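Work out the full structure: start from the sequences and follow the hints.
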Amino acid sequence: MAYRTSKRIQRVPSHELDISAPRSMRRAGTGTKLLLTAFSAALIYLAYVLVSQSAAYMTKSGKTTYGKVLDRKGDVLFDGTQPLSNYPWGQFADVGNFIGDTSGQMTNTIVARNSSLLANYSFSYGNDGTTVLETSLSHAANRAVYNAFGSKNGTAIAYNWQTGELLVCVSKPCVDITKGYADIDTMPSGSLLCKAFYPTVPGSTQKVSTLLAAYQYAGAETINALEYNCTGEWTNATGDVIKCHQSYGHGNQNLVTAFANSCNPYFAQLVQSDIVPLNDIINAYARMGYSVNDSPAESLEMNGIVIPPASTVLRDSHQFETQWGALGQGRTLVSPYQLMLWQGAIANGTGCAVQPGLLTAVTKSGGTKHSLQSHKLTDQMFSSAAAQSIQKVMTQNVQYNYGALQPYNCGVKSGTAQVNDNGRQYENSLLTGFSLDEQCPVAFCIMIEERESWDVSTGQIASVLLSTLKENL
Amino acid sequence: MAKSSVKPISHPFLLLLVLIAHTAMMVLVVLSFGVDAEVIKLAAAVLSADLVGSVILQIIHREACTVDTVLLLITGMSTIYQSCFGGLEFDVKHFAFCMASFVMCQISYAVTRNPYRAEKLKPLWYTLFFILVFCILFLTGSRGIWIDLGFITIQPSEFVKPVFVLICASSIHTQLKKSEIAGFHFVPDNLMLLLCTVVIAGLQWWCRDLGSLPTFIAAAGCAMLLRFCYLREKVSLRLIVFLAACGVGVAIFAWKLAPGYVQERLHSDIWADMSSTGYQQVKALTAIAEGGWFGKGVGNGTLIHVAAARTDIVFSTICEEWGLFTGMMTVVLVLFLPGAILTVPPRSYYHSGLALGVAAVFIVQMALNIFGSCNLIPFTGVTIPFISQGGSSMLASGILAGFLKAAQAPVLTDRQTQKGGK
Numbered sequence: 031m032a033y034r035t036s037k038r039i040q041r042v043p044s045h046e047l048d049i050s051a052p053r054s055m056r057r058a059g060t061g062t063k064l065l066l067t068a069f070s071a072a073l074i075y076l077a078y079v080l081v082s083q084s085a086a087y088m089t090k091s092g093k094t095t096y097g098k099v100l101d102r103k104g105d106v107l108f109d110g111t112q113p114l115s116n117y118p119w120g121q122f123a124d125v126g127n128f129i130g131d132t133s134g135q136m137t138n139t140i141v142a143r144n145s146s147l148l149a150n151y152s153f154s155y156g157n158d159g160t161t162v163l164e165t166s167l168s169h170a171a172n173r174a175v176y177n178a179f180g181s182k183n184g185t186a187i188a189y190n191w192q193t194g195e196l197l198v199c200v201s202k203p204c205v206d207i208t209k210g211y212a213d214i215d216t217m218p219s220g221s222l223l224c225k226a227f228y229p230t231v232p233g234s235t236q237k238v239s240t241l242l243a244a245y246q247y248a249g250a251e252t253i254n255a256l257e258y259n260c261t262g263e264w265t266n267a268t269g270d271v272i273k274c275h276q277s278y279g280h281g282n283q284n285l286v287t288a289f290a291n292s293c294n295p296y297f298a299q300l301v302q303s304d305i306v307p308l309n310d311i312i313n314a315y316a317r318m319g320y321s322v323n324d325s326p327a328e329s330l331e332m333n334g335i336v337i338p339p340a341s342t343v344l345r346d347s348h349q350f351e352t353q354w355g356a357l358g359q360g361r362t363l364v365s366p367y368q369l370m371l372w373q374g375a376i377a378n379g380t381g382c383a384v385q386p387g388l389l390t391a392v393t394k395s396g397g398t399k400h401s402l403q404s405h406k407l408t409d410q411m412f413s414s415a416a417a418q419s420i421q422k423v424m425t426q427n428v429q430y431n432y433g434a435l436q437p438y439n440c441g442v443k444s445g446t447a448q449v450n451d452n453g454r455q456y457e458n459s460l461l462t463g464f465s466l467d468e469q470c471p472v473a474f475c476i477m478i479e480e481r482e483s484w485d486v487s488t489g490q491i492a493s494v495l496l497s498t499l500k501e502n503l
Numbered sequence: 005m006a007k008s009s010v011k012p013i014s015h016p017f018l019l020l021l022v023l024i025a026h027t028a029m030m031v032l033v034v035l036s037f038g039v040d041a042e043v044i045k046l047a048a049a050v051l052s053a054d055l056v057g058s059v060i061l062q063i064i065h066r067e068a069c070t071v072d073t074v075l076l077l078i079t080g081m082s083t084i085y086q087s088c089f090g091g092l093e094f095d096v097k098h099f100a101f102c103m104a105s106f107v108m109c110q111i112s113y114a115v116t117r118n119p120y121r122a123e124k125l126k127p128l129w130y131t132l133f134f135i136l137v138f139c140i141l142f143l144t145g146s147r148g149i150w151i152d153l154g155f156i157t158i159q160p161s162e163f164v165k166p167v168f169v170l171i172c173a174s175s176i177h178t179q180l181k182k183s184e185i186a187g188f189h190f191v192p193d194n195l196m197l198l199l200c201t202v203v204i205a206g207l208q209w210w211c212r213d214l215g216s217l218p219t220f221i222a223a224a225g226c227a228m229l230l231r232f233c234y235l236r237e238k239v240s241l242r243l244i245v246f247l248a249a250c251g252v253g254v255a256i257f258a259w260k261l262a263p264g265y266v267q268e269r270l271h272s273d274i275w276a277d278m279s280s281t282g283y284q285q286v287k288a289l290t291a292i293a294e295g296g297w298f299g300k301g302v303g304n305g306t307l308i309h310v311a312a313a314r315t316d317i318v319f320s321t322i323c324e325e326w327g328l329f330t331g332m333m334t335v336v337l338v339l340f341l342p343g344a345i346l347t348v349p350p351r352s353y354y355h356s357g358l359a360l361g362v363a364a365v366f367i368v369q370m371a372l373n374i375f376g377s378c379n380l381i382p383f384t385g386v387t388i389p390f391i392s393q394g395g396s397s398m399l400a401s402g403i404l405a406g407f408l409k410a411a412q413a414p415v416l417t418d419r420q421t422q423k424g425g426k
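One line per chain: the protein sequences are A and B, in this order. Numbered per this note's numbering, the first sequence spans residues 31 to 503. Numbered per this note's numbering, the second sequence spans residues 5 to 426.
The hints are simulated quantities; they were obtained by calculation from the structure and are not laboratory data. Everything numeric in this text was worked out from a predicted model, so none of it was measured. Mixed in with the good hints, there may be bad ones.
Said to hold, decoys possible - Here are the simulated lysine-lysine pairs, DSS-like style, with alpha carbons at most 25 Å apart:
{"hint": "1", "chain 1": "A", "residue 1": "K90", "chain 2": "B", "residue 2": "K300"}
{"hint": "2", "chain 1": "B", "residue 1": "K300", "chain 2": "A", "residue 2": "K93"}
{"hint": "3", "chain 1": "B", "residue 1": "K45", "chain 2": "B", "residue 2": "K97"}
{"hint": "4", "chain 1": "A", "residue 1": "K399", "chain 2": "A", "residue 2": "K90"}
Said to hold, decoys possible - Coverage of chain B stretches by chain A, computed from C-beta distances (three or more under 8 Å per stretch; other residues unrestricted):
{"hint": "5", "region": "33-46"}
{"hint": "6", "region": "294-305"}
{"hint": "7", "region": "374-386"}
We treat Cβ as the ideally placed atom computed from N, Cα and C, and that holds for glycine.
Here it is as structure tokens:
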């Protein structure tokens, strides 16, 4: 071997080194490999995070423009590529507080909650202004329903209970985003909120929940056989009076007629009878997503929009507050969205609903299109037997009371909610239901605020909703 | 006639690769800024450093070494980056420190290439360690980390790193010499290492700058692992569990004792506090997003106006102007330094200790810098070796690179060769 040598040292060329060093010595290499592997894995993860989150970084730091939101037929619902004032007034009047905009004035809207998705930015292409967010909303049907409210305020929401596509979501009064916010101080109260997502007093639409609980724990046969007498009012065990909306009473009622008549004494007696123990009612409510007696309940979510859960107070089946709560008054609160969701689970007869969703696809910068649809089911909210039983009762209700809806093979339940708004008392009219029409499989909830007898009815709006949806699906 | 460990073509070939890389980068610089005096100065400095460095190395060693080649490549790239951030101005100071780090690498290589001789210097390393501790305690002013000499500022804590690595590597083979203290058997050198680690932790706490502590703990942990595994064919599961439990215990202890500002950083939401505590990270992340894969263009970045753009968030500054792809490639190139020992395993316990210690320091330091500035872990404020600006860091990194070179191209005495294996 002809190594270069000095008097004292001998250098060993690397290719002639014995690499069979003791195993314990070679652990330095193993340790280095582990460190390098861990660091490289973290680096790859970092690259993934940076690329996937870059749109969010740009959005949050206000350095991006936004694309368009389109309805199911390509009609524009929001346009971030140009000033909204370029659009005619009223273009977005029916969706302003639902679809929203990027002004920052509204936070619980589709645009605000999905600003990263709508951002005209991708890591590879930068800000190229081509992002398009497609939705399932039918703008034509939405406008028709909005107009059907006439001078009244309220909300209407509907979705396809088979596919989960949200089809209509109206909330009046509604901000017109083409006009901007210069007159924000004089806007009618509620203009910036989509009421479909906020809990309200459900009125007798709550009887659906109470009946579902009864069906589940006592069985359809027992409940359908129950009969109670209604004289216009009923005094409960603690001496409190439950009044019926029909002051002279409904007489002897079975379940179907009591449901059709929305008879308060009948359902109050059902709650007090202990045929269905209060604990079972509470359990049934909790399964449906209620926060009962301040127990924790999960908020609902649709494409980022947060919907607070329903809530009620049920402490003693003999007391007025509990009975009144089970009838949908007092401290019971449910959002129209959640009422609609339950109708979806009744319509399909399974007790679990397809989760509603508005966003169907996004086309990002560079032209790549990603589907956003998911056919997710909710948890089992009630039994399928209970769902099928109440479906029949609700369908019979249409035959008794809603002739105009019969062509759509519907089931509905109406309600009148007694609202106490900081001392100001008024009544809201609600209608929740479903259509089993194969061309229009829709679950819906409609609420008209402070409705008087001469005003447009929820049934009329439902008729507009179903007819326009049938034309536009 | 000296015999090289690589074929004669390797030297020119590796130099060619370095030259091509730097030339390609200079082409981009010329495309962005045109040809002017600054561009010519930068190109002349970087390319002539490649040529001169390579020639000197061939004269001295007559064999190519991964560490030298990678060091030439990285320091040249670093000079180009630092000269082009936000506009072109040849960063003479940074270039000078790059060259100095290259020289420091050769010096530390000369000192540590013979493990037998270097190990004998253990008392010197301990002395140096405590001198540096003294400097930090008494010369840096009010609980600071900098010594201001007027014309230059020095960060002595950076120089503690190579000294600490030397201490870590020094006593692996003394594991069989146990002493009995109060009925317990201890290896005195292990106690000394533990003491040094505690001193560093105390010092960093005193200086209110805990950013580098994970780096030291990683180096100490690796050293302890090598010591515990000394002469063992297999590492027992019991030992692994014991060490893991110790690690978890230390982490919990540190968590409980961490000062308020550290705990705050662990929980802070940078997007909720974009204008104060999260400012640098928000700007860094946004800059990377703006840069995309291939950057906004050399000199077109705006992150340079943010504090620590050339040091603590330098990865983002590179990504903004040169793109994430280049940023990642740069990091991978730096990883080639600790990875060098994978091609030629160390031939002594001393060098294996050095190599693993340096790998721990480099990798943990890069992780703290990159993942911290990108909000994956709490943001500390350490440098990326050879890439970030900073003389002390650059020189210390050069010394550490010399240790790697020593592990890769050792000079063994006859005695060491016999002990080593054959």
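We went through each hint and held it up to the structure:
1. The hinted pair formed by K90/A and K300/B meets the criterion: a straight-line CA distance of about 20 Å does not exceed 25 Å.
2. Our distance criterion of 25 Å between C-alpha atoms is met by K300/B and K93/A, whose separation comes to about 14 Å.
3. With a C-alpha separation of about 13 Å, the suggested pairing of K45/B with K97/B holds against the 25 Å cut-off.
4. Between the alpha carbons of K399/A and K90/A the distance comes to roughly 23 Å, so the proposed pair stays at or under 25 Å and holds.
5. Closer than 8 Å: that is the beta-carbon criterion, and the region 33-46 of chain B has 0 residues meeting it against chain A, so the requirement of 3 is violated.
6. Against chain A, the region 294-305 of chain B contributes 3 residues with a C-beta closer than 8 Å to a partner C-beta. That satisfies the three-residue criterion, and the hint holds.
7. With 4 residues carrying a beta carbon less than 8 Å from a beta carbon of chain A, the region 374-386 of chain B meets the three-residue requirement, and the given coverage holds.
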